[in-house]
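Visitor: Listed below are the residues making up each chain.
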Amino acid sequence: MRRPGRLCWGVFKINVLFAASFGGHWVQLKRLAELVEADEAEFVSTGAGQNGLADYYLRDFSVRELHRGLWQLPQALRIVRQSRADAVISTGAAPGLLVLFAGWLLGRKTIWVDSIANSRRLSLSGRAACLFATQVLTQWPELATGRVRHLGGLL
Amino acid sequence: MKLLFTAGTQFDFPRLGEVVEQVALQRPQWQLTFQAGPGASLEGLGEWPNVLARPLFPSEEFQALFEAADLVVTHAGMGNIIACLEAGKPVMMLPRRAEFGEHRNDHQIDTAEAFLRMYNVPAYESVPQLVSAIVEPAGWPQGETGAAERIHRTRSAFAQEFNALLRNL
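In order, the protein sequence lines correspond to chains A and B.
Numbers 1 to 155, taken from our numbering, label the letters of the first sequence in order.
Numbers 1001 to 1169, taken from our numbering, label the letters of the second sequence in order.
These aren't lab readings, by the way, just hints derived from the structure by calculation.
Owing to the predicted nature of the structure, the values given are computational and were not obtained by experimental measurement.
All C-beta atoms, glycine included, are put in the ideal place defined by N, C-alpha and C.
There's no promise every hint is true.
Claimed, not checked - According to the in silico footprint, chain A covers these stretches of chain B (three or more CB under 8 Å from chain A): (1) 1018–1026; (2) 1062–1069; (3) 1081–1093; (4) 1104–1118; (5) 1159–1165.
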């Protein structure tokens, strides 16, 4: 199995693209990014007016109105290519799922970390991520199944 | 007393506006700030001299209001709860409910239950219950000083597992 990242002068390097919509998902993404050992980290978010901290932006949409998101797929693909990410990581919601999907289409490793807000059931976006993501994580031990793993959480 | 009320940004949350009005009425000497969310109607709230209400404060201003607040009252949204727990800030929650059109589903009720269990963050079902809790500071939750340390330990453990996963994907 090919590991993500690549060897560069004998040193293992990994670039990560982090994606989440603005608000609680973004707060969790930033906290997660502080924990992840990446050589380069770039960020995709929504709310371009309010959130000045991302490198790339998409328009926000709900997973229930997927058609409004899918027209942004070319944009998401462009972002993944431009970031030269080896792995894409998202904490949600639908815009994060779209970037993760774009990463999968381009053969990148993808990790979905379901929001800690979903304590009873994996989010709808998280259930969609189960269809393709390399790894799907929940932050609640009781929600772990075979496919959905629990490795801890942010709180 | 300085109180910060924050409704999040997705759907209208008029019940939190009602809470602000009733607290303003009962505690005219307190300073209340309310971030009601984009598109929220602030009708009625402008009449109170002790209430400063805006749909959305610029993030730096919001941060200053957050730091100055003696108590934060919020919907059960993760951004605000995480910030309060990290800062050891006393916080109360009013979970959004689908039956009032405040969210798509009732997951905020589950979130609130989980945070009551894990970090002792009180949640209230109704406006009157929340108002009575707010106006009596003697019964406010103490911002848990142990929470920050617990969060640090939890994240260190998660970081180890997560980085191992990432290296071996």
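Visitor: Hint numbers the structure violates, sorted upward?
Guide: Violated hints: 1 and 2; rest satisfied.
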